[in-house]
Amino acid sequence: MTGRIENAVTVHNVSKSYGDVEALRDLSLDFPRGQLTSLLGPSGCGKTTLLKIIAGLLPASSGEVFINGTPVTGPGADRAFVFQDFALMPWATVLRNVAFGLELRGVSRSEREAIAEKYIIEVGLKGFEHSFPHELSGGMRQRVGLARALSVDADVLLMDEPFSAVDEQTRRKFQEDLLGLVQNENKTFLFVTHSIEEAVYVSDQIAILLPRPSRVMEVIRPSGFRDRDVNSIRRDPEYLDIVDRIWASLKSYVE
Amino acid sequence: MFARNRALILKVFSAMIVFGAWEVAGRIPVSFAFPTFLESSAAFWTLLVDGTMLKAYIETLKPLVIGVLISAFIGIGLGLWIGLSRAFDWLISPIFVVMQTAPLAALIPLLVMAYGIGLTSKVFVVCIMAMPVIVLNTGGAVRNTSASLIEMGESFLGDRKDIILKIILPSAFPIIFAGLRLGVSAGFIGAILSELKITPTGVGDIITYSRSIADYPSMYAAIASIIILAVMFLNVLERIENYLSQGRRKALVAD
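Heads up: the sequence lines are chains A and B, in that order.
Here our numbering = 1-based position in the first sequence + 407.
Under our numbering, the residue at position 227 of the second sequence is numbered 224, and the numbers go up by one with no gaps.
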């Protein structure tokens, strides 16, 4: 990491209340370009709320979010969302689901299907183009969700606990694939998770959020093991140290 | 062989039990006004062959078809609106809930006073029967569209029209169609009721007339014909639905 880190996403003093309930209070956080930042914290700490505010799906009560310097007023072409429950249309084939983002943007059918096809292959679903979501396993469904987000070619990928609904083995494979994706795609990733190990494994930067009202407790930037082989990360002393440290600081907030 | 045709064999068997019980009850007889199954079948055949039944149904189907078409168009439109707007829901839904529970037979004299004894009153009766279930089913289905699918549409830059046409309506389709089927069955009841209560025309005329001259077999044949026609009608609707969803309906339910 040399020179000044430019931020793709900047969150500035964002607050969010639902009636009397304060979900976020004066939260500020920067997301460096081309890197993966995790939002980690116990449930109810407002991670998903923050992600949806960045996505433009929820309005903030006060404060601002900037994407490449432009304030967010709603959903935009510069961001794509990966949903926890996949959010696939059960009546549409894999191909139509993946191409749906482009369809909504008015891209012609042949063009969007060609692009979708490319990403279907990239996420490893070749041959399943004409399957329906109910014919796929949970892990494959999330690959469809990922391909849909990649195919609109947004700068920023917002991932809301994308692997929480898939089984453990699939999840590990996903995490490895995600590291490759961060390296190869020149995109900024925002990743919400409640798994400490997952956050430390995949992240360039980890923001630990505390609940009620939500605030950033600490930002951790693992440095030593990011360039290593993916298979040795989990044995790296720094990896283990950080996991322990985060657990020690979060422990008191877990009921 | 048996396994493959089991559904059909059991259906035929079920019909045989009912018709057999009917025949036995007619032969005892439970009442002098209760003809046997065979007598009724003979009367049915006569009515069918001499064209009486065809002529009668052309008359009966007029208010039914007009009423069901009006109910379907207005009903799905209103239901969509109810599902999309809370305020409109509170404003409109109670009317249809009341309509659904109101004793229709008691309202018919009012309709006759207002609209006379012609087609208009009969169409009204069909609509009163058919519309509430179509409106309320459509409204419920639209309101229950998965929130994350709608968020998906918004985050991939779909406008209101896209989200209604490409997400809300397809996802509500199976339940809207179920409402339509229930609406058609209710419309059948309405059409017959209006012929018995307003002016005896069509198949209602056969029932009323045969009763007045104590030709009970013809009366039961007419009643049976209504049931047969209603079942056929619903079967056709189900085929249309299956064709439109190309067998994906089961997938939707499974999801």
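Simulated from the structure, these hints should not be mistaken for laboratory data.
From a predicted model like this one, the values you see are computed outputs, not experimental measurements.
A hint or two may mislead.
[Claimed, not checked] Not close to chain A: a few residues of chain B, all C-beta gaps over 10 Å, as computed: (1) PHE16; (2) SER38; (3) PHE170; (4) THR198; (5) GLU235.
[Claimed, not checked] To spell it out: a stretch of chain A is covered by chain B in this simulated footprint if at least three of its residues, at any positions, have a beta carbon under 8 Å from a beta carbon of chain B; those stretches are: (6) 416 to 426; (7) 440 to 453.
[Claimed, not checked] A short list of chain A residues far from chain B (calculated; beta carbon distances all over 12 Å): (8) THR477; (9) ARG503; (10) GLU518; (11) ILE528; (12) GLY546; (13) ASP567; (14) LYS580; (15) ILE627.
Positions of the beta carbon are idealized from the N, C-alpha and C atoms, including for glycine.
### Query
If you check each hint against the structure, which ones fail?
3, 6, 7, 9 and 13
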